[in-house]
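Participant: Start from the sequences, fold in the hints, and give me the full structure.
Protein sequence lines correspond, in order, to chains C and G.
For the first sequence, full-length UniProt numbering gives the first residue as 1, with consecutive numbering after it.
For the second sequence, full-length UniProt numbering gives the first residue as 1, with consecutive numbering after it.
Bear in mind the hints are in silico, worked out from the structure with no lab data behind them.
A quick note: this is a predicted structure, and the numbers were derived from the prediction, not measured.
Glycine is no exception: its CB is placed at the ideal position from the N, C-alpha and C atoms.
Keep in mind that the hints are not guaranteed to be accurate.
As the list claims (entries may be wrong) - With beta-carbon atoms standing in for the labels, derived distance ranges:
#1 P493(G) with D189(C): 50 to 56 Å
#2 P497(C) with D615(G): 31 to 37 Å
#3 R148(C) with D615(G): 33 to 39 Å
#4 I549(G) with N466(C): 44 to 50 Å
Unchecked claim - With a Cα cut of at most 30 Å, we get these calculated DSS-like pairs of lysine-lysine:
#5 K341(C) with K531(G)
#6 K531(G) with K531(C)
#7 K59(C) with K531(G)
#8 K49(C) with K531(G)
#9 K531(C) with K492(G)
As the list claims (entries may be wrong) - To give a feel for the contact side, a few chain G residues facing chain C, derived at Cβ under 7 Å:
#10 P455
#11 T550
#12 A552
#13 P557
There are 2 protein chains.
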Amino acid sequence: MVNETQHSSASSSSKSDGGSSSGSEGSKDSSRCSTPVLDADRHERLREKMRRRQDSGDKWFSLEFFPPRTANAAVNLISRFDRMGAGGPLFIDVTWHPAGDPGSDKETSSMIIANTAVNYCGLETILHMTCCNQTKDDITGHLQKAKRLGLKNIMALRGDPVGEEWEEEVDGFNYAVDLVKHIRNEFDDYFDVCVAGYPTGHPEAESYEEDLKYLKEKVFAGADFVITQLFFRSETFFKFVKDCQAIGITCPIIPGIFPIQGYHSLRQLVKLSKLQVPQEIKDVIEPIKDNDAAIRNYGVELAVSMCRELLDSGMVHGLHFYTLNREVATTEVLKRLGIWKEDPRRPLPWAVSAHPKRRVEDVRPIFWASRPKSYIYRTQEWDDFPNGRWGNSSSPAFGELKDYYLFYLKSKSPREELLKMWGEELTCEESVFEVFTCYITGEPNKNGYKVTCMPWNDDPLATETNLLKEQLEKVNRRGILTINSQPNINGKPSTDPIVGWGPSGGYVFQKAYLEFFTSSEIVTALLKVLKKYESRVNYHIVNVKGQNITNAPDLQPNAVTWGIFPGREIIQPTVVDPVSFLSWKDEAFALWIEQWAKLYEEESPSRMIIQYIHDNYYLVNLVDNDFPLENCLWQVVDDTFELLN
Amino acid sequence: MVNETQHSSASSSSKSDGGSSSGSEGSKDSSRCSTPVLDADRHERLREKMRRRQDSGDKWFSLEFFPPRTANAAVNLISRFDRMGAGGPLFIDVTWHPAGDPGSDKETSSMIIANTAVNYCGLETILHMTCCNQTKDDITGHLQKAKRLGLKNIMALRGDPVGEEWEEEVDGFNYAVDLVKHIRNEFDDYFDVCVAGYPTGHPEAESYEEDLKYLKEKVFAGADFVITQLFFRSETFFKFVKDCQAIGITCPIIPGIFPIQGYHSLRQLVKLSKLQVPQEIKDVIEPIKDNDAAIRNYGVELAVSMCRELLDSGMVHGLHFYTLNREVATTEVLKRLGIWKEDPRRPLPWAVSAHPKRRVEDVRPIFWASRPKSYIYRTQEWDDFPNGRWGNSSSPAFGELKDYYLFYLKSKSPREELLKMWGEELTCEESVFEVFTCYITGEPNKNGYKVTCMPWNDDPLATETNLLKEQLEKVNRRGILTINSQPNINGKPSTDPIVGWGPSGGYVFQKAYLEFFTSSEIVTALLKVLKKYESRVNYHIVNVKGQNITNAPDLQPNAVTWGIFPGREIIQPTVVDPVSFLSWKDEAFALWIEQWAKLYEEESPSRMIIQYIHDNYYLVNLVDNDFPLENCLWQVVDDTFELLN
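Facilitator: This is the structure in structure tokens:
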């Protein structure tokens, strides 16, 4: 949000809500209380969250990002969403980039970046939308699409003129207020709507007072809250809020904060927004304009002291940050203000999607634990099985296996880096064992490179996996190629920094789990050993052709993570589900080829080794049901090796 | 089943299935695997259970009862169902008593006795039905009613003639085979159908061979299995089975066993069934005919040795016992045969109903733990909430509070006995405390009578309550009048004889629970004390007028019993549900008046004391959420008394 003019203009049209899910949230009101409300957050709309935080005096912040220009930058931005999401923003917002085909399905479009933030990163998200230079139908189409994707919040803007001169659009909207009215007419109360406020008046407005009137019109047309353009002095904001209140604007007004991060970015922003930089700031910056670090330090100081004034005034409950897609300065300001709250406690063991339909999701198969975005992607059309349990029937509506085409799931590392990690040249199966072992240990491989990712892991090794490191190293060295595991946990507090999740005062439990690829020779021995553990260990063994061996009773899911909380029903967010395992199997085997084998030339020995493993190895999962006893899965593996010797 | 003629006769009519729930079992096939199949038994029909037991070589038995003549006898028979049900019969059957208005709603009718066995005692039940002297419409009506009540099995019989001579019914059926055909025509495969076989031929049949042909007709008309008339020698049965097989009868043929229990009952039976008692039996019995015990001992010996021959032959997988509504002889035979299997392990902590719709029930509020029949009665029309969770909405379809009219819930003891236990004359509230205390301790009251039941308890004190006896005694003495409690359990094996339930290899857990009536003075102090335990203890306090104090978050249910089993989802069969508590409250308060106050004259001091408690006391429930720690509820109560002193 950099520049915008507002004028009032009446507009109304017939309802054109795509009707996809206007009442869909209500349909969750079944008799069954199957999703205990772990945190009210998941069920509130943004304006309610804002109100609740204001009532409780709990200060919050939000973060603005713009859509990146390149696909690589998009991958990096999504990682940034994950990292900055950890600090607990109330929401993020994604600007509307008219030149970037903002409503399209491109990886870099505003729509898709916002979609990713909501659905894959689980962040409450506002999508900006401008109305100039677009037809009414275009705009309705964008809004319908946003709704379909699970976006619940729109920042309604006019947008900047294409050329120097402002031209009215014939069959469209010319002012933000038109867009607000249109949203309310067409989508009733579905969206939370935000509008822009200008503490020093919009540069194109006739006067500061006129501009305040336009803001009032936008609010009275149905906006829920206001975010302001950036400003350099807290008094500017205080005066603005008082002037707004004086003319009857009572909704929340959130100050937009711009930590100065560099000389050039400041200059450009000032030029675009036609703001005046105060002389005292210019005086400091000019002498150090070539020293980026010094400017950033100054910018952080300045932002921190202004934010303190704002928060101390009692008039401000939340701060909105223009991040310019950068991480360091904003994070630093937030940490120094003490409102960056990295809460190690998770509402569930996996990240909850912010999609209105998916917020109630309460169970997932464990298999996608290291590929959560893939799980959401493959189940995005999934209306019938939001509970992660597939019963004994086959699983309709489970996304086709094409997720290695999902852009954000592609490896973040370029081919050359992957080759350094996973081997420029593989000579035998053992060189593959070595890669797995290095990933587990964190030690450099024989060429001196650390293996920081694997095809089956979006993220670095989970902290709790460290609890198993020593055993994992041992078995990977011998060809038990582990891709997923968890230790058994017998009633740790829900606040435990490593394995805890859910509200405080509860207890969490896990059954030990181990999932790996291994050769048919090892599987043959393993099956003999498992006879001894028949009543204790559940297993499921499958190869790429679908040969399938399991002792799961009636193919029922086995709960492997659960929690007991004060005043709640039992929550069991992770299961080993024998039916979904067959879908995961397709994905797990395909990753050998799509992410690893294809790094090498066709017919090359390296590629043929991976292909051989893909064609001949088995994927195995083991659950030790006796969670109060010492995990027996390592003994099972030891017994297997012993039998082989 | 004592006497019956069979002749073939074609009969067919239009479908008249009441249509109440033909496909209702299928409607459970939702996506959700919310009821883990704990034992296949619950989901099989009788003929499948029989087949599975035959395949596994697991011998079984069944028990035949007749409807009693008086209401008191009916109450006793139901208690007998509970006691003999504990031995693990594959099914029981209830004979059709034409003179007793068998299809009516009378407490003593065949239909209602069978209904009670299925729904309240959780026993697989066969209802006998005879067809003579009834119109086709009558019979269809009976079958529809049986289906509506949850009965799944019919023993199709002709019935005995009313007078000495046999008269054909004009608009009805004259032979059992007509009834079998009618059942199959009108109800397809809904019922499992059983027919009678006569090892020595039916007394009215032209010949043994003719009679076998009639049996074959009945089987070929759609009967699933045969139960035989009693016989005195195992060879009789072996010959009969071979003869049946020779003419193509392949369904199971179950021998009917009659342990001789007395001289007169034998003579009467023999007269009715026109059987010949072998001379060697007569020789033994005649000399001891006045010694009941001796005859019964002989009868047990005889039955045991014949049953052994039957079982050893390999031709017999189950034994059907004509109990004559008596317990001792049959139980003795079964125990000596080693097929009486009192399994202390329960599939769930409460008795599962055998009603086809209710078998899948997996959660109940804890409040009815001591009044399970009342819970089933009040929820019998309950299609929407079979999961025991009522959500935050009010609870439609929950039976009106009139269950003290439910015959079988009436106290088994007559008024005089209740007065001896609960006091001929109450002088003050403390005399009520004394009654509660005596019930807990098992000590006689001051008039020397033991208090073996209370209005809130169908059954004697549960074994696990003994774990809490000492503390319960202490608090009841001081006016905390406990009616329900359970200790906390932190992961005991599911096979634990006291607190275990569910399949072996699992672990069961409980949160400590305490429910009691108490005065407003104590409640006031309690509420102060509970502030200290706010995050640990959930409470719910209500009086008869509905004044209601709780800290249950969002009125969500709190799971207080759960189990973790190999290869299963978590099972949480008992919850404290704040919504259903308000329905239980009405019942719990009403029991003071209906079962206790009304023992005394109106306006009598005793009655006024109970009325005072009813009008002024509060009903309180407490849950200690910290199940791994020592139960803090006693501390809460102690703190309360301390505050009062």
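Participant: Tell me, in ascending order, the numbers of any earlier hints that this structure violates.
Facilitator: Result: hints 2, 3, 6, 10, 11 break, sorted rising.
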